[in-house]
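Visitor: Here is what each chain is made of, one letter per residue.
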Amino acid sequence: MAFINKNHFWPGIILFLLIIPLITNSNYLLSILIIIGLYTIIVQGLGILMGYAGQISFGHAAFFGLGAYTVAILTTRFHSPTVLALLGAALLPGVIAALIGRPTLKLQELYLALATLGFGLLVHIGFTEGMELTGGPSGIAGIPYLSVGSFVFDSDIKFFYLVAGILILLSAGIKGLIESRVGRALRAIRESEHAAETAGIDTAALKLQAFIFSALLAGLAGGLYAYYITFISPSPFSFHASVQFVLMAVVGGLGTFVGPLLGAAMVVALGEFLRWAIPVVIPNAGGEYQIIFFGLILVVLMIFQPEGLGALGKRLKPATQKLPGEGYSTKIEAEKEGGL
Amino acid sequence: MDTPSQLLQLLFTGLTLGSIYALIGLALVTTFNITGILNLAQGEFVTIGALLAISLYATGLPLAAAFIIAVLLVAALGGVLERCAIQTARQASALTLIIITLGLSIFLRGLALLVWGTETYSLPAFSEGGPLFIGGAAITPQSFWIFGLTALTLAGLYAFFELTYWGKAVKAAVLNRTAARLMGINPNRLSLLAFLASGALGAAAGIFIAPVTMTTYDMGFMLGVKGFVAAVIGGLNNIGGAVLGGILLGILESFSAGLISSGLKDAFAIIILIGVLLVRPQGIIGSLKERKI
Amino acid sequence: MKRSLRKSVMASLLILLLATSVLASGCGSSGDSDGEGVTGEEQYKIGAVLDISGKASSLGTPERDTLQMMVKQLNTQGGINGHQVDLTILDNKSDETEAVLAAKTLIEKDVLAVLGCSSSGPSMAMLNTVQNEKVPMISLAAASSIVEPVSERQWVFKTAQSDKVTVGKITNYLREQNINKVAFLYMNNAYGDGGRKAFSEAAKENNIEVLVEDKFEASDKDMTPQLTRVKASQAEALIIWAIPPSASIATKNFKDLGLTIPLIHSHGVGNQKFIDLAQGAAEGVILPIGKLTVAQQIPDTDPQKEVLQTYINNYTQKYGSPPDSFGGYAWDAFNLVVNAIEKAGPDRAAIRDELEKTQGFTGISGVFNISAQDHNGLDEESMVLVQIKDGKWQLLE
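Residue numbers (our numbering), protein chains in the order written: chain A, 3 to 342; chain B, 8 to 300; chain C, 1130 to 1526.
The shape of chain A in the complex, shown without the other chains (with noise of 0.2 angstroms):
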């Protein structure tokens, strides 16, 4: 990866996306990418709290349902103005993780997964029991668009730009993140949390900031959510949305700083492509067999490519270098022989 023209890739691929909407006048292609971006900005979170604090989360949709709650509740209910509503919706998710993050993150691994499992599960019946506030299973409609002053988001087009926009500028972030020293300590605690510890890194405190930060990306893009589609419902925000942000960040590349962009594509265009693709070579095809592909097309790539999509041109680096997932997976498989 190094030596294949770092210093282009990035400016590439801004001009890219830039450009797409010049060259295509699908609103079909561009809403594929906005949900590709929406996810990307939740998986981004996502990777930093798995890939380099190295904690798992089965309840992020948890926190993107609260946000897109949150536009919903504030601009149907309460007639906010739209740009305070979805700044509301960044925040809460996070100050929520802030409360729950700290006992939480104390547990190890599994236990880890079942409570934020138990907490994503939690959320949402608290969105289908919430009858007056949150309009019970039936859900809110007539959520507005998005308006900065006189300005509306109300075309794919727009909308596609905004969160474009949104995602560069938190690439950009998230890149310096890791290369400073929050991001080397952040790696630290994922290959050895006792050895972090003892460097006088307080795990804690990154563990929590790192939750945190994934809470509010992932409200953000609840947020933008509610004003892309106008209408919501718990459905989205089950826990089956969860495993899916955790399979795009896996799928993607836990660590790699292209994983959740790869990730969330792969899972949302794959989706698409089979629902062409299959109807052409077996005719009258329905979801039975996306279900099929989809989940044999997981297995396999995690038997033979565990570290995601991301991290394939590493394989192309010299052996000598540790690969970042190893060290984790070596890790693990101490703790197994040493027993329960």
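In case anyone wonders, no lab produced these hints; they're calculated from the structure.
Hints are not guaranteed to be accurate.
Stated by the list, open to error - Result set (BS3-like, lysine-lysine): computed pairs, CA atoms no more than 27 angstroms apart in a straight line: (1) K1238(C) <-> K160(A); (2) K1486(C) <-> K1263(C); (3) K1326(C) <-> K1184(C); (4) K1293(C) <-> K1310(C); (5) K1434(C) <-> K1518(C); (6) K160(A) <-> K1263(C).
Unchecked claim - Covered, in the sense of this in silico footprint (three residues per stretch, anywhere, with C-beta under 8 angstroms from a C-beta of chain C), are these stretches of chain A: (7) 19 to 30; (8) 33 to 41; (9) 132 to 140.
Cβ atoms here follow ideal geometry from the backbone N, Cα and C, with glycine treated the same way.
Once you've looked at the hints, dock chains B and C against the given chain A.
Guide: Below, chains B and C alone, put in the same frame as chain A:
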């Protein structure tokens, strides 16, 4: 209906539900203890077992024969998946392995959808006759079958782990892989054994509960999650804990739905789950025994 | 020895897996969709977004089958004014985001109208897209909010009876039987919630007291706790608003508990599966339903009789089992849109206007009288009350 019989009714319902969760929890705990893998496809074993038995029964086979064939087939399925997917990725991280089992569960769900479609299927109850009334509360005969299977499974697993050579070998391998290998125990074979067993157990559970719960291709997921919660509440490294956790969960659900609020019954279960995780991650039973480290 | 046994077990299982998938794909590919343009005329494109997989798949599958059958029939009969119809059916996996993406795909393909979705959530999610793109949409879902308020839903119509219609039928019955105290259980999703809202309003208007109002999850396996509360109350009848399998489980639990008050279900249980799954417990259950299920029993004078018979015969001939009301919603939506295109030609705005002018259209779900105030167009006449006797639907006077 007076209050005592209402409470008794809720207790009966809770016990039935709890036994269902306990059965799935037992299968999860067995695999987890032997392989260190939390098998997210466990719920799918339950579904496919039930659907296979229903289809076989529909072809005119006696129920017992359908049961045996379905259990064997799903056990074989568990074995095949272990060989194809788990074994080839043996060296991967715990996270990767969880995701592999997740992929398998998606794949199996799709397969079930393909073969059986979206319809709901059911089996007739194993024994004839309406519900029994005890103290004004009703309990169906099928519930007793489920209690029986849970008790039998628990006893069987206990006997296996405590009394047989293989069971001890399993425990040894869990404690120390290298030592187990030196003693001639092959952890890979154990892993296969664990998946065969959890396949068979899942299928058996699915067939026993089919007359009560009905069966759809996608029911495995929710059952899997409940079994998961049951296992954690009881203690992931303890067979008895899974049963205790399952029954506690079932009773909790039943009483909160009957007395407080149906919408919040799952919320109570999850709050208990999180509470257990934070206060006593080794589970309730884990407190009675010292941790195996 | 052991090793070879294991291998043969593995091999046979693989063969079994392979065989089942081949078998299933063989069954699946029997019905070919899309009409190829036989004539030189330009094809008319219609799109459908259905919940073919995922949690609402039991709705989407019969709808897909019905649409595929109908488009084939239409095209062999010469299409619309000599134009063949190209119908694209997309699966939204019962997911709201997927529904929006699918709708956009179809609109890109220049479809004249979008049919779907099968359930309320995805239909609501798609609304905004079709409103913005100005494409007529006909939903097959129940919730009234899909077409109300009409001022914000000019492009949206629906063929399934709204909750209000169904509830009206039930409250009429309760009044006739002098029942004033009832219990109401519902499924905790958009369908059950819609029923609850409509029923609590109608109950207030009719002075019916709801003593117990409770819910259960679609995935719940035992509703005895909720029913225990009903048993402990003074309710004179129980209304359950759910679909199978949970509706069947609740009915079984109801009988097992020894409850004897009248049990009234919603039209969500209007298929034979409900009766089969309840294993005898469905005996005596009363429910409002479209006329499709009791087509043989309704008088010959009924305007829908002939349409119903034809649909049942065609569907049974093709798929080997009688259709259910969900397929009926698709039948209505397809014919409504075909009729509108016939009059309006390939112009989305004109099609919308024609749809709004539909009067006296005899469909499967009822006789549609759509207007600028009512984008559903069905009234209580479209439903009948039936009771389950000897495992069969029996028209109730």
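Visitor: Would you mind marking each hint as holding or not holding in the structure?
Guide: Status of each hint after checking the structure:
| no. | hint | result |
| --- | --- | --- |
| 1 | K1238(C) <-> K160(A) | holds (22 angstroms) |
| 2 | K1486(C) <-> K1263(C) | holds (17 angstroms) |
| 3 | K1326(C) <-> K1184(C) | holds (23 angstroms) |
| 4 | K1293(C) <-> K1310(C) | holds (20 angstroms) |
| 5 | K1434(C) <-> K1518(C) | holds (22 angstroms) |
| 6 | K160(A) <-> K1263(C) | holds (19 angstroms) |
| 7 | 19 to 30 | holds (count 3) |
| 8 | 33 to 41 | holds (count 3) |
| 9 | 132 to 140 | holds (count 3) |
Checked against the numbered hints above, the structure violates none of them.
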